[in-house]
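Quick note, the sequences are listed as chains X and F, same order.
Numbering (my numbering) for the first sequence: 1 to 121.
Numbering (my numbering) for the second sequence: 1001 to 1106.
Hints may be right or wrong, so weigh each one.
[Claimed, not checked] Looking from chain F toward chain X, a few residues come up when the C-beta cut is under 10 Å (computed): (1) F1082; (2) T1084; (3) G1098.
Think of the hints as simulated: they come from the structure by calculation, not from any bench.
In this text, a Cβ means the ideal position worked out from N, Cα and C, and glycines have one as well.
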Amino acid sequence: QITLKESGPTLVKPTQTLTLTCTFSGFSLSTGGVSVGWIRQPPGKALEWLALIYWNDNYHYSPSLKSRLTITKDTSKNQVVLIMTNVDPVDTATYYCARRRPDYGDPFDYWGQGTLVTVSS
Amino acid sequence: IQMTQSPSSLSASVGDRVTITCRASQNIRSYLNWYQQTPGKAPKLLIYAASSLQRGVPPRFSGSGAGTDFTLTIINVQPEDFATYYCQQSDSAPYTFGQGTKLEIK
Chain X
1 QITLKESGPT LVKPTQTLTL TCTFSGFSLS TGGVSVGWIR QPPGKALEWL ALIYWNDNYH
61 YSPSLKSRLT ITKDTSKNQV VLIMTNVDPV DTATYYCARR RPDYGDPFDY WGQGTLVTVS
121 S
Chain F
1001 IQMTQSPSSL SASVGDRVTI TCRASQNIRS YLNWYQQTPG KAPKLLIYAA SSLQRGVPPR
1061 FSGSGAGTDF TLTIINVQPE DFATYYCQQS DSAPYTFGQG TKLEIK
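Please put together the full structure from these sequences, using the hints given.
This is the structure in structure tokens:
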């Protein structure tokens, strides 16, 4: 059974650094082709793809957020960490992590429940 | 790659057939996925690779298209289908989503 769960602060002050952890089970990020991504959704708005890390440590970032994001993985702990620097109220959103299946279409087939992060002073 | 969905919202009755379209700003072959999201829940994968039905998804959902133009069709809409639908391209990073289509009860 594959599960993912996001964890991190619910409230962050502007200009601070946000650290989110995705803890997963049921698959390994050392398996060829597997990747884990982060997606966010501001209240009442659409999904926004943020970052992705592959089993071989390759990664991709959203161009609009690239300078503020860092994604890392700890294969032994089955965790993926997303760090976002210099947060702003516009970063208030539910943050999801999801597994990207190495299949035709490479879909995000399993998602965490999401964690709501509010940026406010 | 920009993904544009239409319409942004639509109303339908139970039993109707509905179609949602998604257009990519460049050729994404068949690397197009569809997700369903209900309020307060994480998105759920419905269709991958443009036309492949995810395991456990009812066959009233279907997808088609290739290149830049794609459609999601729901036949015989059921009450549990009233939700927001997103397309997502997985051809090349950044793996962008469409802006969503909200399916509402008429």
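Unmet hints by their number, sorted upward, for this structure
Violated hint: only 1; rest satisfied.
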